Amino acid sequence: MKKDEQCLTNTEVGASRTAAVASETASELGVIKIHDNVLAALVSRAVLHVEGVARLAGSALVDGLAGMVGSHSRAIEIIKGDDDKLVIGVKVVFLFDTVIPEVAVAIQRAVIEQVEHAAGITVTGVNVIVQQLEDPKPEPAAGADTADATLAAMGTLG
Amino acid sequence: MEKIYDWVSGNLWLLPGDNDFERGFYTALFLTGLVLLLIIVLCLIIRLCFRKPAIPGVTLEREDGDIFISRNALASAVYHLEHDFPGVEILKVVLDNGRQGDLELAVSMSYDEKQGSFETTAKAFKARIFRELHGTFGIDTVKTVALSLVRLPNSRRSGGDDGSINDAFVAGI
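Residue numbers (the numbering used here), protein chains in the order written: chain A, 1 to 158; chain B, 159 to 331.
FYI, nobody ran anything at the bench for these hints, they're computed from the structure. Take the hints with a grain of salt, since some may be wrong.
Dumping the calculated EDC-like pairs for lysine to aspartate or glutamate here, alpha-carbon to alpha-carbon at most 20 Å [as the list claims (entries may be wrong)]:
id	chain 1	residue 1	chain 2	residue 2
1	A	85	A	134
2	A	85	B	298
3	B	301	B	254
4	A	80	B	221
5	A	80	B	262
6	B	272	B	242
7	A	137	A	82
8	B	284	A	82
9	B	210	B	242
10	A	33	A	97
11	B	272	B	262
12	A	85	B	242
13	B	250	B	222
14	B	272	B	222
15	B	250	A	134
16	B	281	B	222
17	B	210	B	270
18	B	281	B	298
Short derived list, chain B residues pointing at chain A, Cβ under 7 Å [to be verified]:
id	residue
19	222
20	223
21	226
22	233
23	237
24	241
25	273
26	294
27	296
Small disclaimer: the values here were computed from a predicted structure and weren't measured. Just so you know, even glycine gets a beta-carbon here, dropped at the ideal spot from N, CA and C.
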């Protein structure tokens, strides 16, 4: 895990720092601050919408606890450069039988587009870490729905 | 020796023995054990210091950032191939540095020879791994795939029915 994190920090952003507030814009009307958690939510949404992605890496329990204390998923790392541009690192679990470079490039584009469109922050790079591969979760069978509906109807009638 | 004996008898209140000879014998036994323990610890330390650092994965550079494929992901893909090769059981997958600066994927496996010739299966398996590496992962830095047949399946459970089949059967390809 540490090596993966090292890989993230060894990117082109030399004197970067992890910040709680990812972006701060001041105007005559006031200050707009965009928190890391907001960006993480945007990134998470963009990543999970890409076909071939199973889920973000990491434990749901740990992420849940992190959410309770106001932190974001450990699978997403937001590194702020000196020029207010961001490098985003994201650890992902892919599905088997996907062409990984293609899906990873799709993730990079989706994240850049989402963050720049929604938050107006320039993203200079998205580092994708393919942590693991897994089988897609089996979808509930159509027969099961029918059986449930039948049981529900029987219950209603009874 | 007397000093060591005095130190041991002073520090170990439970040192057995009724006479000097017995106490000397147990002291020697204790010291031998201690020296052996120190040698084992020393060996472990030396091994830890000089071991090859594990390769965490493969990095692909792209325009919008790096794509890092972890060794776990590579190992999962290799394990997943078991379904397509009956009789093959993957035991271990290791990503290592090759001899010429490239990467090497070492796969330890067991094979049930009832399914056919191991050589044929190994060739097909290797070709499939390369196809996965190039096609699925876009990795072309892994130049060597080393397959090692480290044991035959059920050899432990067979209880030695066939003397020729045992865990020491090793074949590298």
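Against the structure, the hints:
1. This hinted pair does not check out: residue 85/A and residue 134/A have alpha carbons roughly 33 Å apart, beyond 20 Å.
2. In summary, the hint linking residue 85/A to residue 298/B is not supported, as the alpha carbons are separated by about 32 Å, beyond the 20 Å threshold.
3. Note on residue 301/B and residue 254/B: the hinted pairing holds, with a Cα-Cα distance of about 11 Å set against a maximum of 20 Å.
4. Of the supplied pair hints, the one linking residue 80/A and residue 221/B holds, its CA atoms being roughly 19 Å apart against a limit of 20 Å.
5. Among the hinted pairs, residue 80/A with residue 262/B is inconsistent with the structure: their alpha-carbon atoms are about 36 Å apart, more than 20 Å.
6. Annotation: proposed proximity of residue 272/B to residue 242/B holds, straight-line Cα distance about 16 Å (limit 20 Å).
7. Of the pairs offered as hints, the one joining residue 137/A and residue 82/A is violated, with about 42 Å between alpha carbons and a cut-off of 20 Å exceeded.
8. With a C-alpha separation of about 47 Å, the suggested pairing of residue 284/B with residue 82/A is violated against the 20 Å cut-off.
9. For a cut-off of 20 Å, the pair hint linking residue 210/B to residue 242/B is broken: about 33 Å separates their Cα positions.
10. Of the pairs offered as hints, the one joining residue 33/A and residue 97/A is violated, with about 41 Å between alpha carbons and a cut-off of 20 Å exceeded.
11. Only pairs whose Cα atoms come within 20 Å are accepted, and residue 272/B paired with residue 262/B is rejected, the gap being roughly 29 Å.
12. Taking the CA atoms of residue 85/A and residue 242/B, the gap is near 46 Å; set against the 20 Å cutoff, the hint is violated.
13. At most 20 Å may separate the alpha-carbon atoms for a hinted pair to count; residue 250/B and residue 222/B exceed this at roughly 34 Å.
14. The hinted pair formed by residue 272/B and residue 222/B fails the criterion: a straight-line CA distance of about 49 Å is larger than 20 Å.
15. Simply put, residue 250/B and residue 134/A have alpha-carbon atoms about 18 Å apart, close enough for the 20 Å limit, and the pair holds.
16. Distance hint between residue 281/B and residue 222/B is unfulfilled; the C-alpha atoms sit about 37 Å from each other, more than 20 Å.
17. For the hint pairing residue 210/B with residue 270/B, the CA-to-CA distance comes to about 32 Å; that exceeds 20 Å, so the pair is violated.
18. At most 20 Å may separate the alpha-carbon atoms for a hinted pair to count; residue 281/B and residue 298/B meet this at roughly 19 Å.
19. Because the beta carbon of residue 222/B sits about 4 Å from the nearest beta carbon in chain A, less than 7 Å, this interface hint is met.
20. With a cut of 7 Å, the hint placing residue 223/B at the interface with chain A holds, because the nearest CB-to-CB distance is about 4 Å.
21. A hinted interface residue such as residue 226/B counts as satisfied when its beta carbon comes closer than 7 Å to some beta carbon of chain A; here the least separation is about 5 Å, so the hint holds.
22. Taking 7 Å as the C-beta contact cut-off toward chain A, the hint placing residue 233/B at the interface is violated, the least distance being around 9 Å.
23. The restraint placing residue 237/B at the interface with chain A is violated, with a minimum CB-CB distance near 9 Å, outside the 7 Å limit.
24. Using the Cβ-Cβ criterion of 7 Å, the hint placing residue 241/B at the interface with chain A is not satisfied: the shortest such distance is roughly 10 Å.
25. Hint status for residue 273/B: violated, given a least beta-carbon distance of 23 Å to chain A, over 7 Å.
26. Satisfaction of the interface hint for residue 294/B is found here, the shortest Cβ-Cβ separation to chain A being roughly 6 Å, below the 7 Å cut-off.
27. Look at residue 296/B: its Cβ gets to within about 4 Å of chain A, closer than 7 Å, so that hint holds up.
Checked against the numbered hints given earlier, this structure breaks hints 1, 2, 5, 7, 8, 9, 10, 11, 12, 13, 14, 16, 17, 22, 23, 24 and 25; the rest are met.
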